[in-house]
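For chain A, the structure is supplied; the task is to place chain B on it using the hints.
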Amino acid sequence: MRTWSPDRLLSAATLASWAGLFWWLLASGRTALYLSGRTSWVVPLGGTILTVAALGRLASARAPRPEPITKRGALASAAVVLPVVVVVALPPTTLGSYAAARRSTLVTAGGFGSSREEIASGDVTLFDIAGAFRSGEAMRALTARAGREVSFTGFVDRSEGMPAEEFLLTRFLVSCCAADALTVQVRVVGAPPGRFEQDDWVRVTGALFPLGDEVIVDASDVSSVARPEHPYLGT
Amino acid sequence: MDVARAAPVSGWRYAAGAACGLAAVALALHFSDPARAAGVANFGVVFSSLLIEAVPFIALGAVVSALIEVFVPARLITRLAALPASLQVPASGLAGLCFPVCECGSVPVARRLVAKGLTPAAAITFMLAAPVLNPVVIASTAIAYRGRDSVWAMVLGRVGLGLVVAMAAGWVMARAKPGELVRAEAPARAHEGRAAGFFGHLAGDFVFMGRYLVLGAAIAAALQTFVPQDVVASVADLPVIDLAAMMGLAFVLSLCSESDAFVAASFVQFGVGAQLAFLVFGPMVDTKLAVLYTGTFSRAFARTVVVVVFAVTLAGTLWIEVLLG
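Keeping their order, the protein sequence lines are chains A and B.
According to our numbering, the residues represented by the first sequence are 289 to 523, in order.
According to our numbering, the residues represented by the second sequence are 3 to 327, in order.
Derived from the structure by calculation, the hints contain no laboratory data.
Incorrect hints may have been included.
[As the list claims (entries may be wrong)] Partial chain B-side listing against chain A, Cβ under 10 Å, derived: (1) A21; (2) F49; (3) S51; (4) F59; (5) L62; (6) A198; (7) A220; (8) I221; (9) A224; (10) Q226; (11) S256; (12) F312.
From the three backbone atoms N, C-alpha and C, an ideal C-beta is built for every residue, glycine too.
Next comes chain B alone, as it looks inside the complex:
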C-alpha cells in the first residue's frame, strides 16, 4: 500500500492558491487605480455598498438558521408540518411581521426550515413575505410616501398584495417535497456538542449563502453601472407594460426592501400600480436573489417563483389600478 497516498490530505495548497489569487486581485486594484475609470469606480462603490449592507443580514440569517438546526427539536417542526396547509400558509406569511430583516436574511432561514422538515409551502411563504411585511419595511414605505394622497394605498397595497403573492407562491409549491426543493448539502459532519454544532452550521450557511450573494451583487452592480435607467422611462404611460417595466427595474436594481420605497416614490412618471409592482416584486425576485435561489433551491423552484411572483404581482397591481381609477 502506498503510504503517501493513504496519508490524510489537509488541502492547504487549495487555500494557498485561493490566497494567492486574492493577493493578485488586491495588487491589480492597488496599482491600476480604477478610480480613474469612472465606470469601474462606480461599479466598485455599488458592489461594495450592496454587500456591506447585506452581509450582516446574511450573518443574522445564518445565526437564526443555526439556532433552528441545533436548538429547535425536530418534533416541533414535524408538529407544525402536520397542521393543515390552509392554516400553515397564512400563518407563515404573517410570521414575517416578527422577523425584521430584509430578503437576504430570510433565505437561509427558509432553507433550514425546509431541510428540517417544515412543508415547503410554509417555508416559501415565509421567505417571500418577510421582506415585505416586516415592520421596518412598512415604516419606511409610510415615510417615503408621507404627505402624498397615495400613502395609504401604497402601505396597505404593499402589505396586502405582498402577503397574497407570497401565499400564492407557497400554494403553488405545496406539493413539492423538501428533497425536490433544496439543493443537496454536503453531508452533515459529526460535531462535538451543541456549541460546536451551532458554530459549524453558522459558518457553513454563511459561506454557502455568501458566495451566491457576492455573485448576485456583482451582476446587480454591473447592471446598475452599465445599463441606463432611463430605458424604462418611455413606457411610463403604456398600460400593463409600465407594470412589467417597473418589475424589471426592481429586478435590475436589487435594492434592500427597507430602502426601495424611497426609490419607488421618485418614479413620479409612473402610477400607483407600477410603483406597487416595483415594491412587491423587488423584495421577492431580484438579481442577487435569483442567484441565491438558484444556488440554494432547485432550478425548477427558482423558475416557478419568478413566474408566479411576476404573474400574481401583475394581476394584483392591474386590479388595484382599476380599483383606484
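Extracted from the complex, chain A is given alone in its bound form:
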C-alpha cells in the first residue's frame, strides 16, 4: 500500500517555494529590482521548470515505503528556502549611493554604452555618457555636443566635501543582475542646496559640458521623481 512520503513532500514544497517566488516576481514587477531586461527571461524559465518539478515530485510522493524527513534534510531545505524568505520579507529596495561609493573608484561604465555614431546624433542619454568613456573618439563625439540641453533621471549621490549646490547624478548599468552593476555618473552643478537627500530620485535638466574625465550638467531644473519601474539601465 502506498502512503505519502514526508521526505518527498518536503522536497516538493522546497521546489514549490522557489517556483512561487519566480511567479511572484513576475506578477509584482519586482524582477527589475534584481535583473536586467536582458536576463529577465530566466524568471519565467525558473518558474516553469520548478513548477513542473514540484508537481512531478508531488505526483510521485506516495511510496510503498515512505522516507522520513531527516534533520539534515530539513536543514538543507531550510537553507534553500531562506533566500525566498529574504526576497519576500525585504522591502523593495535597489542598489544606491552605498554601492556607488564602493564601485565607482575602480569600475567605470566603460564596457557599456553607445557607439561614437550614436553619441553624435539624437538626444544625449546616460548610455551616451557611459559610451563616451569607451574611447577617445567617443569622448570627442560627446565633447562636440557641449552646451546641448539634456534631461537625465537618476539618484543623488553626494560625497563628503562636495559643495551644497552639487551632487553626482548616478544610475547603475546592469548586464545580467545587480551583482554586476556598474555606475554612470554626471556631476550636477547649480542644484538647489539642501533640497535633496542622498539616494533621492531626481530628474535633472540642464546644459551638458564634458570636462576632462568628468561630465558636468549645469542644472536649470532639478525635480523629485519616483523611482523608475526599471531602476537599472540594461544593455
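Chain B alone, transformed into the frame defined by chain A:
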C-alpha cells in the same frame, strides 16, 4: 519490544523546526527594516539577485543531470569512458559549445556524469570549459569589447585559453577514480518507474546544489558589500601581480560568465592579459563555485582545481601579454 520506538518516524518535527526558523527570519527582516542600514540593504539586493539569476540554471542543470541518470543507458557512458583520454578530454571541452548555461548549471551535470561512470578527466574538462566556451558567453564578450582594438584578442583569447585551462585541469584529474572525486551521495532510493525516478533525482540534485549555492552567494554578497573594490586598483601597473589581482577580484565578485565581460571591459587601468585572467579564471573558480565544489567533490579535488586553474591561467595570460607586446 518497545512498540513506540519501532513505529516509523516521519520527521515532521524537523520540518516544523525549520519552518519556525524561517518564520523568525521573515519577522526579523520585516520589523527591523534593514533598508535603513545601507550595507545590509546592499547585501540583500546582491545576495537576492545572484540567486534569482543562478537558481534557474541550477534547476536546468538538475533536469539534465536527472535525464542522464534515468534515460541515458550506463553502457553508453561506459563506451565513452573507454575511449582514449587524448580524445575524451578535448571532445569534452568542445562539448561546452553545445551547452549554453553558465557555471552553476554545469556542476550538477559533471557530478552526475562522474557518478554514472564517465572518466573524471572528461567530466571535469566539460564542467570547466562549458561556462567559457558556450555561444552566449562568446557573443557577450564580443559585444562588451565591440569597437575596441582588443576585441578579437579578448574573444579568441578567452575561448582558446579557457579550453587549454579546462583541458589542463582535466589531464591533472585523469588518474583520479570517480569514488575519490565525488562526495558520497545518500543511498539511492527505490523509485517506482522512470518518471518518479526522474523527479526524485531532479529534486535531490536541486536541494543538494541549492544549499551550497545559497552559502556561496551569501559569502560573495558579503565580500561585494564590505570589501572595497579599489583595493586592486593600485596594482594595475605591476606585472604578474596585476594578473593575480584580477583573478582575485573575479573570485570575490562571483559574476555569471554571461555578464562578466561587461565588468572586465570596464577595468581600463588593466591590460589585455589581466582582463583575460579575470574572464578565464572567474567562470571556473569563484566564491560560490568554491563552496559548490567543496560540497560536491572531495576537498582534494577542490584544492587541485583552484591551483591548476590559477597556475595555467597565469602562465597563459603572461604568454599572451608577451605575444601582444
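Results for each hint:
1. Because the closest C-beta pair between B/A21 and chain A is about 8 Å apart, less than 10 Å, the hint holds.
2. Of the supplied interface hints, the one on B/F49 holds, with its beta-carbon coming within about 7 Å of a beta-carbon of chain A, less than 10 Å.
3. Look at B/S51: its Cβ gets to within about 4 Å of chain A, closer than 10 Å, so that hint holds up.
4. This hint holds: B/F59 has a C-beta 7 Å from the nearest C-beta of chain A, less than the 10 Å allowed.
5. Interface hint status for B/L62: upheld, as the beta-carbon distance to the closest one in chain A is roughly 6 Å, under 10 Å.
6. Because the smallest distance between the Cβ of B/A198 and any Cβ of chain A comes to about 4 Å, under 10 Å, the interface hint for this residue holds.
7. Taking 10 Å as the C-beta contact cut-off toward chain A, the hint placing B/A220 at the interface holds, the least distance being around 9 Å.
8. Contact between B/I221 and chain A, as hinted, is not supported at the beta carbon level, the nearest pair being about 13 Å apart and thus beyond 10 Å.
9. Hint on B/A224 is violated. Least Cβ distance to chain A is approximately 12 Å, over the 10 Å limit.
10. Annotation: interface hint on B/Q226 holds; nearest CB of chain A at approximately 6 Å, less than 10 Å.
11. For B/S256, the interface hint holds, since its Cβ comes within 10 Å of a Cβ in chain A; the closest pair sits about 7 Å apart.
12. Violation of the interface hint for B/F312 is found here, the shortest Cβ-Cβ separation to chain A being roughly 22 Å, above the 10 Å cut-off.
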